[in-house]
Amino acid sequence: DIARNFHVHKGTVSKWVKNFKSGKGWQRQVRKGWDHKNSRILKIHHQWIVDYVLNKDPLALLPEIQDQFGLEFGFTVSCATISRELAKAKITYKVIEKRATQIKEEDVARFQAEMMHLKPHLEQLLFVDETSFDRRSMQRRRGWGPEGEKVVVEGDFLRSKRLSFVAFLGVEGVVDVDLTPGTFTRHRFLQSAEQLLNSGKVHKYPGKHSIWIMDGASIHLSADLMGYLWCMGIK
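Residue numbering for the sequence shown follows the numbering used here, beginning at 708 and increasing consecutively.
These aren't lab readings, by the way, just hints derived from the structure by calculation. The C-beta atom is built at its ideal place from N, Cα and C for all residues, glycine as well.
Below, a list of computed lysine-lysine pairs in the DSBU-like style, where the Cα atoms sit at most 35 angstroms apart:
1. Lys908 <-> Lys942
2. Lys750 <-> Lys725
3. Lys911 <-> Lys811
4. Lys915 <-> Lys942
5. Lys811 <-> Lys868
6. Lys868 <-> Lys763
7. Lys801 <-> Lys750
8. Lys857 <-> Lys795
9. Lys868 <-> Lys801
10. Lys801 <-> Lys811
11. Lys826 <-> Lys915
12. Lys750 <-> Lys857
13. Lys857 <-> Lys797
14. Lys797 <-> Lys763
15. Lys797 <-> Lys750
What follows is a list of derived Cβ distance ranges for each label pair:
16. Lys826 <-> Tyr935: 22 to 30 angstroms
17. Asp764 <-> Tyr935: 49 to 57 angstroms
18. Cys786 <-> Ala816: 42 to 50 angstroms
With the sequences and hints as input, model every part of the structure.
See below:
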């Protein structure tokens with residue numbers, strides 16, 4: 708009857724009786740390092756988690772914090788538990804740095820007017836842009852920090868060899884990509900454009916990929932580039 712009322716196995720009840728008779732009591736054994744009454748980790752564990760993300764590794768992911776916690780205390784806790792402890796301390800996961808992009812309203816208006824004049828079909832559009840990266844570009848962009856404060860990481864951020872690539876994107880996906888060491892110059896970008904125009908993937912206006920959409924980067928404003936594109940029938 709006792710086993711049925713407490714929804715446990717008969718062997719568990721027998722163990723309770725045996726422990727009670729031997730003077731060990733009937734309470735369930737408490738795991739080392741746990742506050743069983745509240746089913747929460749102890750203050751020392753909470754403080755370790757907070758100190759770890761604020762002072763040792765603010766870029767650590769939850770599973771990484773979990774692993775380090777296990778090495779420190781000899782038992783593991785769930786990622787959800789770690790997340791709750793950080794939330795109690797008002798520590799959030801946020802971007803390390805924010806960069807604002809300034810948009811000139813006159814440029815937007817001019818672009819809109821040109822597009823309204825051309826009234827292009829989607830197949831005519833070709834979006835062009837470049838990006839560059841090095842080893843530092845692969846570093847994490849988010850970290851742990853107190854609410855309302857920036858996450859600042861100090862260290863030796865060595866720059867590796869920088870690579871740049873330009874991508875040409877149409878309505879059906881990537882049309883072409885060109886890679887170069889360092890950064891794109893006006894001359895190097897012109898070479899990429901010539902390579903694509905001679906590939907047969909681009910046609911004269913009003914053909915497919917004949918309207919190129921580019922930003923106001925200096926390499927896009929070259930007179931040689933503009934003249935070449937116009938001669939090739941590109942808008």
